[in-house]
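The hints should help you fit chain B onto chain A, whose structure is shown.
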Amino acid sequence: MPCATPAPAHAPSMLHRLAAEHATGAYTRAGGTLFLVEGRIVHAESPAAPGLEALLSCGTGPHRGGGRQPRTRTGSDSGSAGHPAGAGPRVPGGVLELCASVALHDAAFFVLAPGGGPGRFRRGVRPWPHVTGCVTAAALEREAVRRRTFLDRIWPDGRLDALPPVPARSVSPADRAAGPPAPVPGRRRAVLELADGVRTASDIARELRRPAFHTLVDVRRLAAAGLLVPAPPPPVRAGPARAQPVPGEFPDPDVSLLRRLRDALEAW
Amino acid sequence: MSNTEASLKEAMSSIDGTIGVALVDYTSGMALGTLGGGKDFDLEVAAAGNTDVVRAKLRTMEHLGLDDQIEDILITLGSQYHLIRLLRGKSGNGLFLYIALDAGKANLAMARHQLRRIEGMLEV
Numbered sequence: 001m002p003c004a005t006p007a008p009a010h011a012p013s014m015l016h017r018l019a020a021e022h023a024t025g026a027y028t029r030a031g032g033t034l035f036l037v038e039g040r041i042v043h044a045e046s047p048a049a050p051g052l053e054a055l056l057s058c059g060t061g062p063h064r065g066g067g068r069q070p071r072t073r074t075g076s077d078s079g080s081a082g083h084p085a086g087a088g089p090r091v092p093g094g095v096l097e098l099c100a101s102v103a104l105h106d107a108a109f110f111v112l113a114p115g116g117g118p119g120r121f122r123r124g125v126r127p128w129p130h131v132t133g134c135v136t137a138a139a140l141e142r143e144a145v146r147r148r149t150f151l152d153r154i155w156p157d158g159r160l161d162a163l164p165p166v167p168a169r170s171v172s173p174a175d176r177a178a179g180p181p182a183p184v185p186g187r188r189r190a191v192l193e194l195a196d197g198v199r200t201a202s203d204i205a206r207e208l209r210r211p212a213f214h215t216l217v218d219v220r221r222l223a224a225a226g227l228l229v230p231a232p233p234p235p236v237r238a239g240p241a242r243a244q245p246v247p248g249e250f251p252d253p254d255v256s257l258l259r260r261l262r263d264a265l266e267a268w
Numbered sequence: 001m002s003n004t005e006a007s008l009k010e011a012m013s014s015i016d017g018t019i020g021v022a023l024v025d026y027t028s029g030m031a032l033g034t035l036g037g038g039k040d041f042d043l044e045v046a047a048a049g050n051t052d053v054v055r056a057k058l059r060t061m062e063h064l065g066l067d068d069q070i071e072d073i074l075i076t077l078g079s080q081y082h083l084i085r086l087l088r089g090k091s092g093n094g095l096f097l098y099i100a101l102d103a104g105k106a107n108l109a110m111a112r113h114q115l116r117r118i119e120g121m122l123e124v
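Those sequence lines, one after another, are chains A and B.
The opening position of the first sequence corresponds to residue 1 in the UniProt record's numbering, with each subsequent residue numbered one higher.
The opening position of the second sequence corresponds to residue 1 in the UniProt record's numbering, with each subsequent residue numbered one higher.
So that you can see chain A by itself, here it is in the shape it has in the complex (with noise of 0.2 Å):
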């Protein structure tokens, strides 16, 4: 999962060392896996980018914009990466070409997030039945620090990557007077009419087909012109997993429960 933190997106040095030492075999982290051979990375999975097979059975590619309606999805379990059945026979190559392209740095750019562990190596593993593309660890690394600044650039929530959207219920008096809202894009209104605040936007991405980043993009520009905000986080403290505690801070302890402890150790 992507990472809320601003930081840089460095890529661990377990990746430069594979890179070097021109290893084959699948790296993994918390975000996903990427697939080298020969220490280049032709194939990247991750459970927040749809993949391939989604990108291409929209039969348009990885940018359609305008109205497009999103595509139902019908039973298939949300981790699923799509199904070629849309692709047909004839993609043309070009299409392919830049689909296999812009799906790899998609899944990469969330197995690079920062957060993501140092990471582990199965040697020897090859990605089956895909090889989409050919790129240096350097090169890969690059574009997915550009990335994470391009997105801190249009919007710095970073807690839109991991939280749903949902549309923000007021506007404020000063937005008020600045007259109507600017319109916004078709491509861009249909990732705003999928935000619920239960859809990620890697949910949304998986529904419209598109690259996760893309939606990432999107939300974030959404958000810069105050239509989304984050959900709240889930209130996973009411439960009765073991509450993070704030940096910094410390629950009042249950005193008069030390107390009895105490006299029954004394007792004893």
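In case anyone wonders, no lab produced these hints; they're calculated from the structure.
One thing to keep in mind: the hints can contain errors.
Said to hold, decoys possible - Output of the computed footprint for chain B on chain A, the stretches with three or more beta carbons under 8 Å from beta carbons of chain B: (1) 98–104; (2) 144–152; (3) 209–218.
To be verified - Quick list of in silico lysine to any residue cross-link-like pairs, SDA-like style, CA-CA up to 25 Å: (4) B/Lys9 to A/Ala224; (5) B/Lys105 to B/Glu5; (6) B/Lys39 to A/Arg146; (7) B/Lys9 to B/Ala106; (8) B/Lys9 to A/Pro92; (9) B/Lys57 to B/Lys39; (10) B/Lys9 to B/Arg112; (11) B/Lys9 to B/Glu123; (12) B/Lys57 to B/Ile70; (13) B/Lys9 to B/Lys57; (14) B/Lys9 to A/Ala138; (15) B/Lys39 to A/Val145; (16) B/Lys9 to B/Leu74; (17) B/Lys57 to A/Cys134; (18) B/Lys105 to B/Gly17; (19) B/Lys9 to A/Ala162; (20) B/Lys57 to A/Phe150; (21) B/Lys39 to B/Ile70; (22) B/Lys57 to A/Arg153; (23) B/Lys57 to A/Val91; (24) B/Lys39 to A/Cys134.
Where is the CB? At the ideal position from N, CA and C, for every residue including glycine.
Only chain B this time, still in chain A's reference frame:
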């Protein structure tokens, strides 16, 4: 040779005065392919920066309520021409070809014509 690579190569060789050429995805700002350029002319930077040009123009058209499409954008510098051609093919919506030309060597009308031809080669 890949489709993109072949098309960019064709642009470099068939258009007089070409300094560099890039195929750019303007939503993400990523250059999907570049050729030419050099130390003095970073095409990746040019590609990312010119997405703002395209986006600003598209937004202005929306604000004006112009229901039309951009064919190309020409930026004339003292010594260079920068030509941006928006692609419209099956997946072309969201891509543009960017070409930087030496103003002293280039024939602008010819360059526009050739770029249109290269768009067809891309099969997008």
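Cross-check of the supplied hints:
1. Three residues within the 8 Å Cβ limit are the bar, and the stretch 98–104 of chain A against chain B gives 4, so the coverage statement holds.
2. Using a Cβ-Cβ cut-off of 8 Å, 3 residues of the stretch 144–152 of chain A lie near chain B, which meets the minimum of three, so the contact claim holds.
3. With 5 residues carrying a beta carbon less than 8 Å from a beta carbon of chain B, the stretch 209–218 of chain A meets the three-residue requirement, and the given coverage holds.
4. The suggested pairing of B/Lys9 with A/Ala224 is violated, with an alpha-carbon distance near 39 Å, which exceeds 25 Å.
5. Taken as a hint, the B/Lys105 and B/Glu5 pair is honoured in the structure, with Cα atoms around 24 Å apart against an allowance of 25 Å.
6. A C-alpha spacing of about 19 Å is found between B/Lys39 and A/Arg146, which places the hinted pair at or below 25 Å, so the restraint holds.
7. For the hint pairing B/Lys9 with B/Ala106, the CA-to-CA distance comes to about 17 Å; that is within 25 Å, so the pair holds.
8. Between B/Lys9 and A/Pro92, the direct Cα distance comes to roughly 19 Å. Compliance with the 25 Å bound is thereby established for this hinted pair.
9. With a C-alpha separation of about 29 Å, the suggested pairing of B/Lys57 with B/Lys39 is violated against the 25 Å cut-off.
10. At roughly 16 Å between alpha-carbon atoms, B/Lys9 and B/Arg112 fall within 25 Å of each other, so this suggested pair holds.
11. Straight-line distance between C-alpha atoms of B/Lys9 and B/Glu123 comes to about 15 Å, which keeps the hinted pair within the 25 Å bound.
12. A threshold of 25 Å between alpha carbons decides the hint, and for B/Lys57 with B/Ile70 the separation of about 9 Å falls inside it, so the pair holds.
13. In summary, the hint linking B/Lys9 to B/Lys57 is not supported, as the alpha carbons are separated by about 28 Å, beyond the 25 Å threshold.
14. Of the supplied pair hints, the one linking B/Lys9 and A/Ala138 holds, its CA atoms being roughly 24 Å apart against a limit of 25 Å.
15. For the hint linking B/Lys39 to A/Val145, the alpha-carbon distance of about 21 Å falls within 25 Å, and the restraint holds.
16. For a cut-off of 25 Å, the pair hint linking B/Lys9 to B/Leu74 stands: about 21 Å separates their Cα positions.
17. With a C-alpha separation of about 34 Å, the suggested pairing of B/Lys57 with A/Cys134 is violated against the 25 Å cut-off.
18. Between the alpha carbons of B/Lys105 and B/Gly17 the distance comes to roughly 5 Å, so the proposed pair stays at or under 25 Å and holds.
19. About 40 Å separates the Cα atoms of B/Lys9 and A/Ala162, which puts this hinted pair outside 25 Å; it is violated.
20. Taken as a hint, the B/Lys57 and A/Phe150 pair is honoured in the structure, with Cα atoms around 19 Å apart against an allowance of 25 Å.
21. Distance check on the hinted pair: B/Lys39 and B/Ile70 sit about 31 Å apart at the alpha-carbon level, beyond 25 Å; violated.
22. Restraint check: the Cα-Cα separation between B/Lys57 and A/Arg153 comes to about 19 Å, which is no more than 25 Å; the hinted pair holds.
23. For the hint linking B/Lys57 to A/Val91, the alpha-carbon distance of about 31 Å lies beyond 25 Å, and the restraint is violated.
24. A C-alpha spacing of about 24 Å is found between B/Lys39 and A/Cys134, which places the hinted pair at or below 25 Å, so the restraint holds.
Consistency note: the structure conflicts with the earlier hints numbered 4, 9, 13, 17, 19, 21 and 23.
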